[in-house]
Amino acid sequence: MFNLKFHADERSLDMTRRRRWHRKMVPDNSLIDTNLPNHGIVANTDIVFRMQTRISKPKPNDPSPPKTKDIKIELTAPRMFLSFQKPYYYELRVYLYQARDLLSMDYDSFSDPYAQIGFINQSQRTEIIQKTLCPTWDQTLIFSNVELYGEPDEIHHNPPNILIELFDKDEYGSPDFLGRVQCSPVVRLIPDETKPIVKLKWLQIMRGNDPAGELLAAFELFLLPENDSGKTMPPYPPQRGSLYMVPESIRPKLVRTGIEILCWGVRNMKTFMLSDIDCPQVVFEVGGQQIESTIIKNAKKTPNFDKPLLFLDVMLPIEDLYTPPMNIKVRDHRSFGRKPIVGYHIIKSLETFRCDPKKPSLTLMQTSRMPSEDLCKTNVGVAQPKKKHRKKKFHLSKSQNDSSIDTKPTEDETKAVDKKTMKKRIKNFLKKHNLSHSPMKTESKLSKIQKLILKSHQSYQSLLSNETIPEDDIDWWSKYYASKGQSDKCGTYLDKHYETLTIYPYSLESFEFYEGFNDFCRNFKLYRGKTKFEEENEIVGEFKGLFKVYALSENPKDALPHRLMSNFPSNNVEECLVRIYIIRGIDLQPKDANGKSDPYIEIQLGKIRLDNRDERIPNTTNPVFGKLFEIKTLIPLAKDLIIRIKDWDLISSDEIIGQTTIDLENRLLSKYRATCGLPLQYNITGPNQWRDNARPKKILYDVCKRNYLPLPELLDSHAIQIGDSIFRLEDFEQEKHLSTHVGEDEERLALYILHKLQLCPEHIETRPLYNSLQPLIEQGRLELFVDIFPLSQGSPGPPFIVTPRKPKPYILRCIIWNTSEVILQETSITGEQMSDIYVKGWMTGKEDDIQKTDVHYRSMDGEGNFNWRFVYEFAYFPAEKCLSINKKEHFWSLDSTELKLPPVLNLQIWDNDKFSSDDFLGALTLDLNHLCKPAKDADECTLDILDDQTSNCVSIFDIKRLKGWWPCVDLHDGKSQLTGKIEIELEILTEEEALERPAGRGREKPNQHPTLELPQRPETSFLWFTSPYLTFKNIIWKKSKWYLLGLLLLTCFVIFVLLFLWSAPNAILTRFLRTSG
3 MFNLKFHADE RSLDMTRRRR WHRKMVPDNS LIDTNLPNHG IVANTDIVFR MQTRISKPKP
63 NDPSPPKTKD IKIELTAPRM FLSFQKPYYY ELRVYLYQAR DLLSMDYDSF SDPYAQIGFI
123 NQSQRTEIIQ KTLCPTWDQT LIFSNVELYG EPDEIHHNPP NILIELFDKD EYGSPDFLGR
183 VQCSPVVRLI PDETKPIVKL KWLQIMRGND PAGELLAAFE LFLLPENDSG KTMPPYPPQR
243 GSLYMVPESI RPKLVRTGIE ILCWGVRNMK TFMLSDIDCP QVVFEVGGQQ IESTIIKNAK
303 KTPNFDKPLL FLDVMLPIED LYTPPMNIKV RDHRSFGRKP IVGYHIIKSL ETFRCDPKKP
363 SLTLMQTSRM PSEDLCKTNV GVAQPKKKHR KKKFHLSKSQ NDSSIDTKPT EDETKAVDKK
423 TMKKRIKNFL KKHNLSHSPM KTESKLSKIQ KLILKSHQSY QSLLSNETIP EDDIDWWSKY
483 YASKGQSDKC GTYLDKHYET LTIYPYSLES FEFYEGFNDF CRNFKLYRGK TKFEEENEIV
543 GEFKGLFKVY ALSENPKDAL PHRLMSNFPS NNVEECLVRI YIIRGIDLQP KDANGKSDPY
603 IEIQLGKIRL DNRDERIPNT TNPVFGKLFE IKTLIPLAKD LIIRIKDWDL ISSDEIIGQT
663 TIDLENRLLS KYRATCGLPL QYNITGPNQW RDNARPKKIL YDVCKRNYLP LPELLDSHAI
723 QIGDSIFRLE DFEQEKHLST HVGEDEERLA LYILHKLQLC PEHIETRPLY NSLQPLIEQG
783 RLELFVDIFP LSQGSPGPPF IVTPRKPKPY ILRCIIWNTS EVILQETSIT GEQMSDIYVK
843 GWMTGKEDDI QKTDVHYRSM DGEGNFNWRF VYEFAYFPAE KCLSINKKEH FWSLDSTELK
903 LPPVLNLQIW DNDKFSSDDF LGALTLDLNH LCKPAKDADE CTLDILDDQT SNCVSIFDIK
963 RLKGWWPCVD LHDGKSQLTG KIEIELEILT EEEALERPAG RGREKPNQHP TLELPQRPET
1023 SFLWFTSPYL TFKNIIWKKS KWYLLGLLLL TCFVIFVLLF LWSAPNAILT RFLRTSG
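Residue numbers (my numbering): 3 to 1079.
These aren't lab readings, by the way, just hints derived from the structure by calculation. Backbone N, C-alpha and C define an ideal beta-carbon position, used for all residues, glycine too. What you were told as hints is all true, and nothing was included just to trick you.
In silico EDC-like cross-links for lysine to aspartate or glutamate, where the CA-CA straight-line distance does not exceed 16 Å:
(1) 255 <-> 556
(2) 808 <-> 617
(3) 842 <-> 913
(4) 133 <-> 178
(5) 350 <-> 322
(6) 491 <-> 475
(7) 673 <-> 521
Pair by pair, the computed Cβ-Cβ distance ranges are:
(8) 245 <-> 704: 52 to 58 Å
(9) 1007 <-> 975: 45 to 51 Å
(10) 359 <-> 238: 39 to 45 Å
(11) 718 <-> 568: 33 to 39 Å
(12) 800 <-> 304: 31 to 37 Å
The whole structure should be built from the sequences, with the hints applied where relevant.
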C-alpha cells in the first residue's frame, strides 16, 4: 500500500498532498479532415472518457450449484477540455429598481433585504435597505470584461442566465435566504443599438415552489467594441454617492399625484409579546414618502382615529405597471418609549384606488339595471312643470326627525289613518278631474267618481267601502313564495297587489354593483411575519380605511381640489339593534351516518352567543329555520357577525357544518344603505308595514346630503325637485294598483326616488357556508337577511314574523254510502257470480290509519250498502296545500322526520275471503285539492270523470262538502278498466268545527251529522257458516225446494219398502203358525 504513489481514490492513510496533473493530448494529423468546417476531427472517431464493465466470478467455498457475483471494473480515460482560440468580452448592466411583498424574517415583521447577482464567474450585490418588505434600491450594477466564448450571434439568441438571490441581513448569524429569480438579459451586439427597448418588468421571486415576492428589474448585455472599431459604449448612469442609479430612460416617468387616506381605525388586534395593543398608530409609506396618523388613546373603548383624513402629495409613476406599493405599518405606543411594529399590510398597487375627483359618488339618473325587475319598470319624470310651483323647504316633522314609528298601531289609529288617506285621495282626485266645484248631486257625483276610477284603473273603490279584506291567509312566507314565483304557495298575496322582494342567489357583497360595500372603507388584513417559511402568515388584526388617488397639477402653487372624503359620518361608537332573519338552509353538508344532519343555528357577535339548539331540525339537509335573533351591540367594538350552522349530536360534541361572516360596520357606513332594505312601497299598516327607523323623506334628505347631491325640495304632495329634476308621483303610479295600507303621497314619492338612487332594496341574500377543515369547499348555502338600526335615529318598526308555517289540524269525514256495478269475483256453490264487498281507505302518508267498512256479503249484482263513516285527522298547510307527516325513519330513531305530501285520499274495493287472501277489485285516488266533480247518480258515472283534470276540478278545502258517485278502476295490460262505482260524501272540518259537530267512526257514537242508519241490505247478504237457517232458506231451499221434496218422498218410500222387507217374513211366519194351530 505504501509503495503505491498514484491512485485514483482518496485513502485514509494518505500522507502526502494529492495532485492532479493535466496533460494535453493533441489529435493525430491523420484524424483531422481539413475539408470539414474549422478543421474538425473525423466524424467516425470516437473519444472514450470512461469505460465501465461487469464480469461474473464464481463464489468460493459454495457447495450449492455454482453461483456468480458481478464485479464492476472502471477504467478512467482522459478527459476532454474545449479550448477556444479567441474569447469575446461583454459588459452586463443590471438595473434593479425595487422589490415588493418580500418575506419577513425578523422579529419585527420586516427584513433587511439585499440582492446578490451572479453572472458567469462574477458576482455583485446591492446595498442593504433596512426594515422593509418593499425595498427601493434604484441601483445599476455593472459587470465589466465578462469573457464569453462562442459566436456573438449564438449569444444573442441564447444569452446566459442571470441568477439573482435575495437575502435578509442579520446582525448576528448568517443571512436568511428570501428567494431567487432567474432571467436573461437583452443582448446588444452594437453598443448604440436602441432596439429592443429595455423596460423594467416585474419578475416573480420563488423560494422553492412557493412565490416569495416580485422584483422590478431590467438587464442589458453589451458586446464590448474593439479598440479600432470606433464604437463607444453608452455612458454610465448618474451616481448617488458611490452607487450608480437606474438611467432616466429606463426608470418610470413620475407625475405629481394626490393620495387621500381615510385612516378610520383598527379592528380585532391580537396581543403582541403577551400585551394588548392599546395605543396603535398607523404609518403609511409610498414613493419614498411617509405620513403618520394620530394615536388612539384606548383601542378597547374607541378603535377609531379622531382625525381620520390624511393627505399625501407624492410623485408616482404614470404607468400603472410601475406604481409602487403602499406599505401600511401599525405601531403600538407603549411605556418607556417603546414603539414596536405590531402588524403590517402591503398594497401592491394603488391603481385600484384611482378615481376622478369631479365625478359624484352617487347619481340620480343611473342607467344600469338593478337586480329587481320591478325597480327597472319605474320611470323618472323629469318634464318641466306646466305652472310655477311655490317651492317649499323639504320639511321633516318632529316625528320624522326622531324617526320613531309606533310598533303596534291600534285599530282606531289604523281606521283614522285610512280615513285621512281616503279623504286626501278623493280630494286630489276631484281636483285632478275638476269635480270639486261642479254643481251636481251627491249620488251623481259619486257615480261619476266611480266611473272615472274604473276608467283610470285605480283601486280607490276599496277605500270608499267600510269593509276590510280578511288577511288571515297572508303571512311573510306568502311574500317569500310570491317573490320566488311559486304562486301555488303564496295564496291570495299577489291578488291583493302586495309588493315582492328581491332574492339574491349570492351574498350582497358578491354583487358587483355594491362593490362589496367597500365604497366608504375597506378591511386590510394585518400580518406579523413568519417564523418558518412553511407556515402561513399570521393575521393579527385589520386596518379599516380607504385611499383615493388622483392626479394633481404640475404647478405646486395651484390650489388643491376639494377633498373627496371630507363628508364622512361620525366615527364614534354607535349602539345598534341588529335583527338577523335566518330563513332556510340549502344543501347542507350531511354529518350523520344516515346521510343527513340535525342542524341548528349559532349566532356570535362580539362576546354575545345565541343559538336555538333546543329547536334543532332533525334528519334534513334542507332545513327551514324561520328564526329571528335580536341583538343590541356597539359598532365597531363588535362588528363581525358570525352565523354558524351546527349539527346536533347526542353524545359527542356538536360539529360545525359551515359558517359565514358579515361585516356589519361596512353595511352601516356604505352609501348603498345596506342597513335595512327599502321595500317597493311605503305601507303604514298590513303585512308589509314599514319597519325602518327613518321614513323615506328623512332617508332621502340624509342620502342627498352625504353624497353631495342637491337637497330635495317639496313642491307639493305629488312633486319633489332635486337640482334640475322634478319627480312626480303620477309618473311612478300610472299603472300601479295600490293596496289599502299605503302611506302618505310625499313619503311614497320619496321612496320611489330612493329606488332611482339604486340603494339596497328589500331582499334575501343566499350566503355560502364554509368550514375551516375544508376551506375551499362550499358546505351548503343559507338564505337570510340582516337589519341594522342605529338607536340614535329612533326606534325601528315591528319585525317581520318569519316563523315557519305551522300546520292546522283538519278532520276529513268520508261517508261510504253505496257501491254499484262492482265486478263479481267469485262463484258460489250454486254456480252464481257473487262478491263479498267491503271498502277500505287511508290518507297518503298515514298508512298506519287504514279504515275499513263492514262487509256486504253475497252481492249478486255488484251493489253494496254500507252507511259507514271514515274519520281522518291530519295536519295541513293551507297556503302550501300539503300535509305535514311526522314519522320516525327507524324504530331506534330519536326524532321524527317531517314530510310534506299532497292531501290524497285512497279508497279501494276488496272482495272478502275467509280462508285465503282478499281479492282486489278496484281503486279510487282523490286529491283533495283537485277533486274531479262526481256524478249525481250511478248511471252517469263513467271513466270520463277522471279524464277531465282541468275545468272539472274543485278543492274540498274551498267547498267544504261534496257528495256523488266516482268510478273505481283497475289496470289490465296498462289500460284503465271500470271495476265499480262508489257513492261518497266528503266533508272537511277544522278542529273547532269538529268539536262543535262531533261524529264517530263507522256508526259508533256520537252517530250524528248525519246519523247513519243500518243499511237495508237484501236477505241474501250474510255469512253462510254463521247463519245456517238463512243459508238453508236463501241458498238451498230457494233454488232446490222441488228436488228436496222429491228426495223426501223417495226417501220415505224407500224406508217403507225396507221396513216391509224387514218385517214381512216374521209376519208371514206368525200368520202361518196361527193358521196351522
